[in-house]
Amino acid sequence: MFKYGQDIGIDLGTASVIAYTKGKGIVLREPSVVAVDNNTGEVLAVGKEARRMLGRTPGNIVATRPLRDGVISNYTVTEKMLKYFINRVCGKFIFSPRIMICIPSQVTEVEKKAVIDAASQAGARKVYLIEEPIAAAIGAGLDISKPCGNMVVDIGGGTTDVAVISLGGSVVSTSLKVAGDKFDEAIVKYIKKKYNVIIGERTAEDLKINIGCVYPKMQDMEMELRGRDLTTGLPKTISVRSSEMFEALIEPAMMVVDAVHSVLERTPPELAADISDRGIYMTGGGCLVDGLDKLLQEKTGINVMIAQDAVSCVALGTGKALDNLDVLDTKKRK
17 MFKYGQDIGI
27 DLGTASVIAY
37 TKGKGIVLRE
47 PSVVAVDNNT
57 GEVLAVGKEA
67 RRMLGRTPGN
77 IVATRPLRDG
87 VISNYTVTEK
97 MLKYFINRVC
107 GKFIFSPRIM
117 ICIPSQVTEV
127 EKKAVIDAAS
137 QAGARKVYLI
147 EEPIAAAIGA
157 GLDISKPCGN
167 MVVDIGGGTT
177 DVAVISLGGS
187 VVSTSLKVAG
197 DKFDEAIVKY
207 IKKKYNVIIG
217 ERTAEDLKIN
227 IGCVYPKMQD
237 MEMELRGRDL
247 TTGLPKTISV
257 RSSEMFEALI
267 EPAMMVVDAV
277 HSVLERTPPE
287 LAADISDRGI
297 YMTGGGCLVD
307 GLDKLLQEKT
317 GINVMIAQDA
327 VSCVALGTGK
337 ALDNLDVLDT
347 KKRK
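Going by our numbering, the first residue of the sequence shown is number 17, and it counts up by one from there.
You may find that some hints are simply not true.
Below, in silico cross-link-like pairs of lysine to aspartate or glutamate (EDC-like), each with a Cα-Cα straight-line distance of 20 Å or less [what the hints assert, rightly or not]:
hint	residue 1	residue 2
1	Lys252	Glu217
2	Lys40	Asp339
3	Lys252	Glu240
4	Lys193	Glu240
5	Lys209	Asp293
6	Lys64	Glu240
7	Lys162	Asp325
8	Lys315	Glu267
9	Lys64	Glu260
10	Lys193	Glu260
11	Lys315	Asp293
12	Lys193	Asp236
13	Lys252	Asp293
14	Lys252	Asp222
15	Lys38	Asp53
16	Lys233	Glu260
17	Lys208	Glu238
18	Lys205	Glu125
19	Lys208	Asp222
20	Lys210	Glu263
21	Lys315	Asp325
22	Lys205	Glu127
23	Lys205	Glu240
24	Lys128	Asp85
25	Lys210	Glu127
26	Lys310	Glu240
27	Lys209	Asp245
Read the hints as simulated data drawn from the structure, not as lab findings.
Whole structure, please, built from the sequences with the hints as guidance.
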């Protein structure tokens, strides 16, 4: 069935790609992982299928994540991945779709151009960019068009974006490369140092989701995991507690808290008063680490809320921003 080009909103994340189309809502949610055959350069699998291959491939197949720290690290693979996802969302179309993509708030012009070029090569008729914190605020249901301050902390896989938004734009913002991936790395390092056992990224992520915390828990939970013993080189099973996860994760969590602090210090007093009244909104998958909202609330003294559908907030916001594409187009023509 041929279709006219749809408008698509894409949250091009380090950990996952979420796509939104007008009238349908979220139509695609896949890990941003691509498996490529090294000999032929052919894409073998994208998304969930490719994620299963991470750390389990033979020499000629490489399963990679083409985005690192919120920006494109492998241009050709990103382009192939986008092409695959756009085709899945649109099917066969007569006109190419217009696409709006999220980017971290502090990216360089070169990084912006890489995103625009990759999407254009993948089949987009026109590419628009929107800053992640602004998209996250729209997706969280905040009215950002009024002259009052809203603070958003968007913790994704590769970057954490902190911004104070008023009148539809960000007044003060910062972006740091500490997010979900850094939490996983901290767990891998901790297990290696304490138990002399090496674990993979996926095991670290499971630990983070199931027993990870950055605020002391009432009840100490426990989880078994398997890794490779560094002394014997053989597989080993160990048991890890959530109190140990707290030790592993508190350092990267405090970096996020410091970033929020530095943004609050630079916020104009009137907007700071608004934030004190309205609270801080947290979005993105990284904010779901147990106790992160309590830690931030304790350190800033400001009420902290986690958005309703934290993981999809940025994609939903991008989708809502699609409604204004015609306005953007007319402005450009003028």
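Results of checking the hints against the structure:
1. Lys252 - Glu217: holds (16 Å)
2. Lys40 - Asp339: At roughly 13 Å apart (the allowed maximum being 20 Å), Asp339 and Lys40 satisfy the hint.
3. Lys252 - Glu240: Holds, because 10 Å separates the two Cα atoms, which is no more than 20 Å.
4. Lys193 - Glu240: violated (30 Å)
5. Lys209 - Asp293: violated (43 Å)
6. Lys64 - Glu240: violated (24 Å)
7. Lys162 - Asp325: violated (23 Å)
8. Lys315 - Glu267: Holds - the C-alpha atoms of Glu267 and Lys315 are around 14 Å apart, at most 20 Å.
9. Lys64 - Glu260: Given that 20 Å is the threshold and the Cα spacing comes to 30 Å, the pair is violated.
10. Lys193 - Glu260: It is violated: about 24 Å lies between the C-alpha atoms, which goes past 20 Å.
11. Lys315 - Asp293: holds (16 Å)
12. Lys193 - Asp236: violated (30 Å)
13. Lys252 - Asp293: violated (51 Å)
14. Lys252 - Asp222: holds (17 Å)
15. Lys38 - Asp53: violated (35 Å)
16. Lys233 - Glu260: Cα-Cα ~11 Å, so holds.
17. Lys208 - Glu238: With Cα atoms ~18 Å apart, Lys208 and Glu238 stay inside 20 Å; holds.
18. Lys205 - Glu125: Violated, at roughly 34 Å.
19. Lys208 - Asp222: Roughly 16 Å between the alpha carbons, so the hint for Lys208 and Asp222 holds.
20. Lys210 - Glu263: Given pair Lys210, Glu263 holds - Cα atoms ~11 Å apart, limit 20 Å.
21. Lys315 - Asp325: Violated, at roughly 24 Å.
22. Lys205 - Glu127: violated (30 Å)
23. Lys205 - Glu240: holds (17 Å)
24. Lys128 - Asp85: holds (14 Å)
25. Lys210 - Glu127: Violated: Lys210 and Glu127 sit about 38 Å apart, past 20 Å.
26. Lys310 - Glu240: Roughly 27 Å between the alpha carbons, so the hint for Lys310 and Glu240 is violated.
27. Lys209 - Asp245: Distance of about 12 Å is within 20 Å: holds.
Comparing the model with each numbered hint stated earlier shows that hints 4, 5, 6, 7, 9, 10, 12, 13, 15, 18, 21, 22, 25, 26 do not hold.
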